[in-house]
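Undergrad: In the order they appear, the protein sequences are chains A and B.
Residue 351, in this note's numbering, is where the first sequence stops; the numbers in between run on with no holes.
Residue 1317, in this note's numbering, is where the second sequence stops; the numbers in between run on with no holes.
Keep in mind that the hints were calculated from the coordinates and are not lab data.
Just so you know, not all the hints are guaranteed correct.
Stated by the list, open to error - Derived, one-sided and incomplete: chain A residues facing chain B with beta-carbon distance under 8 Å: (1) Pro-40; (2) Asn-58; (3) Ile-62; (4) Gly-65; (5) Gly-66; (6) Ala-159; (7) Asp-163; (8) Ala-188; (9) Thr-190; (10) Ser-191; (11) Asn-198; (12) Thr-213; (13) Gly-215; (14) Ala-332; (15) Ala-336.
To be verified - Away from chain A, derived, C-beta distances all over 12 Å, residues of chain B: (16) Gly-1035; (17) Val-1065; (18) Pro-1139; (19) Val-1221; (20) Arg-1313.
On a predicted model such as this, the values are computed, not experimentally measured, just so you know.
Where is the CB? At the ideal position from N, CA and C, for every residue including glycine.
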Amino acid sequence: MNRRNLLALAAGVAAVPALPRPGFAQLAAITGAGASFPRPVYERWGQAAREGAGVQLNYQSIGSGGGINQITNRTVDFGASDAPLAADQLRERNLLQFPTVLGSVVLIVNLPGVADNALKLTPDVVVDLFMGRITRWNDARLVELNRDLRLPNLPVSPAYRADASGTTFVFTTYLSRVSEAWKSGPGAATSVQWPVGNGARGNEGVSNAVRNTPGAIGYTENAYATVNRLITTQLRNKSGAFVRPTMASFQAAAGAADWSTANFAADMVDLSGETVWPIVSPTFILLPTNPVADRVAGSLNTMKFFDWAFKNGGEAARRLEYIPLPDAVHTAIRGAWSAVKNPSGASIWTA
Amino acid sequence: MQQTVTSPRSSGAFGDKIFEWLCRGAGLLVLALLGAIILTLFVGGLPAFREFGLPFLWSTDWNPVEGRESYGAAVPVLGTIITAILAILIAVPAAFGIAFYLTELAPEWIRGPVGTAIELLAAIPSIIFGMWGLFVLVPIIQNYIQLPFGEILGAIPLIGFIFDSNNFAGTSLFAAAVVLAIMILPFIAATMRDVFLTVPAVYKESAYGLGCTRWEVMNKVVIPYTRVSVVGGIMLGLGRALGETMAVTFVIGNANRIATSIFDPSTTIASVVAMEFPESLMGSLKQSSLLALGFLLFVISFIVLATSRWLLRSRLK
Chain A
1 MNRRNLLALA AGVAAVPALP RPGFAQLAAI TGAGASFPRP VYERWGQAAR
51 EGAGVQLNYQ SIGSGGGINQ ITNRTVDFGA SDAPLAADQL RERNLLQFPT
101 VLGSVVLIVN LPGVADNALK LTPDVVVDLF MGRITRWNDA RLVELNRDLR
151 LPNLPVSPAY RADASGTTFV FTTYLSRVSE AWKSGPGAAT SVQWPVGNGA
201 RGNEGVSNAV RNTPGAIGYT ENAYATVNRL ITTQLRNKSG AFVRPTMASF
251 QAAAGAADWS TANFAADMVD LSGETVWPIV SPTFILLPTN PVADRVAGSL
301 NTMKFFDWAF KNGGEAARRL EYIPLPDAVH TAIRGAWSAV KNPSGASIWT
351 A
Chain B
1001 MQQTVTSPRS SGAFGDKIFE WLCRGAGLLV LALLGAIILT LFVGGLPAFR
1051 EFGLPFLWST DWNPVEGRES YGAAVPVLGT IITAILAILI AVPAAFGIAF
1101 YLTELAPEWI RGPVGTAIEL LAAIPSIIFG MWGLFVLVPI IQNYIQLPFG
1151 EILGAIPLIG FIFDSNNFAG TSLFAAAVVL AIMILPFIAA TMRDVFLTVP
1201 AVYKESAYGL GCTRWEVMNK VVIPYTRVSV VGGIMLGLGR ALGETMAVTF
1251 VIGNANRIAT SIFDPSTTIA SVVAMEFPES LMGSLKQSSL LALGFLLFVI
1301 SFIVLATSRW LLRSRLK
């Protein structure tokens, strides 16, 4: 092929996107960056919203920290974070925060002869397992809780996320909530100084470490545990009942949460209620409240996108093991969108 | 014809000037880049150095919890140095054997394929080594090395603690060192083979003629003749071992605790930076500490290089 042919070909390729294509012509592109935890559901929504809302979503899961950095620099239309930002930080960065879906964290174990959701754990036992205070699986306290199980004489091998992550933030928040010793010791953050155990990268690393090591215990997002059929455990909640990690117990947590907190930073960790799974957390979107003129369209389309997702995306989220927000919260979020104003001071969201 | 004789001469002198300055520019560019990188890391790490002062170097804290943030470099620095040294200890004898076998002992037809295999090993991306390490090597270490040998060796008085660990996950300093050793082996082996081949045959033949054994030829003729390049090859391997990220992260256990045993999990500088950077906020103390760690890695590499130069000072002149 000679050079002229190549040039013609290149010109043809370049021209293709400019050609009017029926159905796609009016697609509005938005870009977002941040948390990796909600990526699957955002991508699924993104595919469906092309037809449904006429919005083309480009989401980069670079981690919550990266998402906050990018939206602070206004290089994307929205940021996504697993942990809520403090009110003063939101004010300082001129950001509006709202939740999209809920996720839950479950405990996974590798104990030969112990079936899925059979092992019963209490909050203080979980803390002591991750603190290194319970070192053998046939410890008297574990045997006492699980009289119907034959617990092996194996060393306890905790596995945790080595990369800083929202999952670790939620899990360590739970541990800090139920244990004063954990609160004043390792504490709650996207990564902490673990007293014992091994770190692995990502949910897949943790589950692999647990699968390979008899006697291992780890924590992972429920979506990941379900898809990979990992052995999860029961956990005693604040009301004293042992609950299994199921959609029903997660939804019970969503119903029990107090959503009237400022910036929707609802606390869903260790809530009261007979059927409530104690480690549930929302994941958040960060939207500039003062988008510059050429980002106004992006902000509006972001809101359109999530408006569409709230109306139509519940089933898709549930299928991916995420928990949709209650309808009342959706309404409250749409109300909060009026805080996003264009340079002349008018609300962008008018629906 | 007349024109073509004169014009190249004048433009040749001019072209040579351009060439000279291009080369000079390229040389200076390297220096400028190096300086810029060091400066960026240092300036980025300055808030951490200022906050923690000199104790940053020996503090074992790595606590990103809001309100009581505290960072120290001791664990990753130690982990980096220990894994790199262990890897060198494993890789150098093996590389030496490979190189000597290929240059002196192997039949002609086997030299080509084995040499190519070594070079191919060097071309495998590090993430592959990491995955292989995690799925294949770690279970092997866990079941067949740590369990049987850890306890026996742990009974040795005084140094037994080095092998005695209650970490049973298999991911450990030792696993990282083995993966690193395999990764740097081809670099060292290929360098050694190439320089062993440069030894004039007449030297070796004379030595054999005097009745030297193979070991004596290696020890008294080949090694002294090639010492500078051999050390250079080892340093190349050490440099890679110090900075390796993905493969190490997979198998080291990522625990910010001082390891007392080679079977304990620990972490390295490159691994901490890779794991923590995406979730660090711009301008935060955490990000600054990570940049400071990067600066320290630079310093360590520099010290290693300077030491090797110093060791060879008489030879390099």
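Undergrad: A separate judgement is required for each hint: does it hold in the structure or not?
TA: Results of checking the hints against the structure:
| no. | hint | verdict |
| --- | --- | --- |
| 1 | Pro-40 | violated (18 Å) |
| 2 | Asn-58 | violated (18 Å) |
| 3 | Ile-62 | holds (6 Å) |
| 4 | Gly-65 | holds (4 Å) |
| 5 | Gly-66 | holds (5 Å) |
| 6 | Ala-159 | holds (7 Å) |
| 7 | Asp-163 | holds (5 Å) |
| 8 | Ala-188 | holds (7 Å) |
| 9 | Thr-190 | holds (5 Å) |
| 10 | Ser-191 | holds (6 Å) |
| 11 | Asn-198 | holds (4 Å) |
| 12 | Thr-213 | holds (5 Å) |
| 13 | Gly-215 | holds (7 Å) |
| 14 | Ala-332 | violated (27 Å) |
| 15 | Ala-336 | violated (24 Å) |
| 16 | Gly-1035 | holds (27 Å) |
| 17 | Val-1065 | violated (4 Å) |
| 18 | Pro-1139 | violated (6 Å) |
| 19 | Val-1221 | holds (48 Å) |
| 20 | Arg-1313 | holds (41 Å) |
This entry does not satisfy hints 1, 2, 14, 15, 17 and 18, going by the numbered hints stated previously.
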